[in-house]
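**Q** Mind docking chain R on chain F? Use the hints.
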Amino acid sequence: DIQMTQSPSSLSASVGDRVTITCQASQDISNYLNWYQHKPGKAPKLLIYDASNLETGVPSRFSGSGSGTDFTFTISSLQPEDIATYFCQHYGPLPITFGQGTRLEIK
Amino acid sequence: QVRLQESGSRLVRPSETLSLTCAVSGDSISSSFYSWSWVRQPPGKGLQWIGYIYPSGSTYYSPSLKSRVTISIDTSKNQFSLNLTSVTAADTAIYYCARVRTGQRFDPWGQGTLVTVSS
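From first to last, the protein sequence lines stand for chains F and R. Each residue of the first sequence is one higher than the one before, starting from 384 at the first, in our numbering. Each residue of the second sequence is one higher than the one before, starting from 1046 at the first, in our numbering.
The hints are simulated quantities; they were obtained by calculation from the structure and are not laboratory data. Mixed in with the good hints there might be a few duds.
Claimed, not checked - List time: in silico PhoX-like cross-link candidates among lysine-lysine, alpha-carbon distance up to 25 Å:
(1) R:K1111 - F:K422
(2) F:K428 - R:K1090
(3) F:K425 - F:K490
(4) F:K490 - F:K422
(5) R:K1122 - F:K422
(6) F:K490 - F:K428
(7) R:K1111 - F:K490
(8) R:K1111 - R:K1090
In this text the structure is predicted, and so the values were computed from the model without any measurement.
Same shape as in the complex, but just chain R:
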């Protein structure tokens, strides 16, 4: 069974960098069948796609976040990561990682981690 687990800083100060890691178990992150994605949900709002990465390292980002986002992959540790720079309160959200199958099907997802931006 494939499982994804987010980890990282739960509290980030404004203007600093949010960093999260998604550990994958039960599947190889190097598989060419999938990409690996980050999605977030601000309090009281809908889901927002952040971006995804292929095992080759190719990335695709949401245009609204592209200038601040980096997604990277570490095949030796079977994990991928999210860095979001210059955060503000608007970046407070539950952050999810997910495996992306053919047809952009997000499955499975991690349980999510709440990141709060506050001084």
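Next up, chain F with everything else stripped away, as it sits in the complex:
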């Protein structure tokens, strides 16, 4: 199985800050990586697909980059409504695996 190592596990930042989360794959997965936002009690939401493509309707402050084994998810200017857990997901060879998640809090 491909392991996805996500860091940090939690993060505290101020409104307006630039926030960066990383995911590292245990082997080359090209750009086969998606990013999601998960707010408590709600359904997870797809934000970024194929490592760097913004899902329709998602604010442009969210972005993703990377290929191969190293990937980055960025919020350019943190907003109060961005408080959530963020996780990555690879879709290379099965089984599909997810990162452990990053819990984002407002400082």
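**A** Positioned in the frame of chain F, the structure of chain R alone reads:
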């Protein structure tokens, strides 16, 4: 707007079978563009993919659960289901259903249902 809603037993006894159903509204489960998946999250842990099913009935399961998992689809009711046999406390988790688009994009998801395995 596509919506998915999980339902089923919230409390299951050890060694018994966990059964959940995901009702889909706003889209046809028979569409050839999608597959339909189950994912779970044990307390304090990350997400674990369980498997998915195509409208044709073809299934793909996580190797770690394959011996105990069955995912089925009922196109007449526009829903799909999960059966997990011989459960233990380690199967306690929030279970999510999701539609899977091209590029294995899970979208949308249901809100999830907590299933507890306990006597």
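**Q** Would you mind marking each hint as holding or not holding in the structure?
**A** Results of checking the hints against the structure:
Under the criterion of a C-alpha separation no larger than 25 Å, the hint pairing K1111 of chain R with K422 of chain F is inconsistent with the structure, at around 30 Å. At roughly 18 Å between alpha-carbon atoms, K428 of chain F and K1090 of chain R fall within 25 Å of each other, so this suggested pair holds. For the hint pairing K425 of chain F with K490 of chain F, the CA-to-CA distance comes to about 23 Å; that is within 25 Å, so the pair holds. A threshold of 25 Å between alpha carbons decides the hint, and for K490 of chain F with K422 of chain F the separation of about 17 Å falls inside it, so the pair holds.
Between K1122 of chain R and K422 of chain F the CA atoms are separated by roughly 30 Å; this puts the pair beyond 25 Å, and the hint is violated. Among the hinted pairs, K490 of chain F with K428 of chain F is consistent with the structure: their alpha-carbon atoms are about 23 Å apart, no more than 25 Å. Note on K1111 of chain R and K490 of chain F: the hinted pairing is violated, with a Cα-Cα distance of about 43 Å set against a maximum of 25 Å. This hinted pair checks out: K1111 of chain R and K1090 of chain R have alpha carbons roughly 20 Å apart, not beyond 25 Å.
Violated hints, in rising order: 1, 5 and 7; the structure is consistent with all others.
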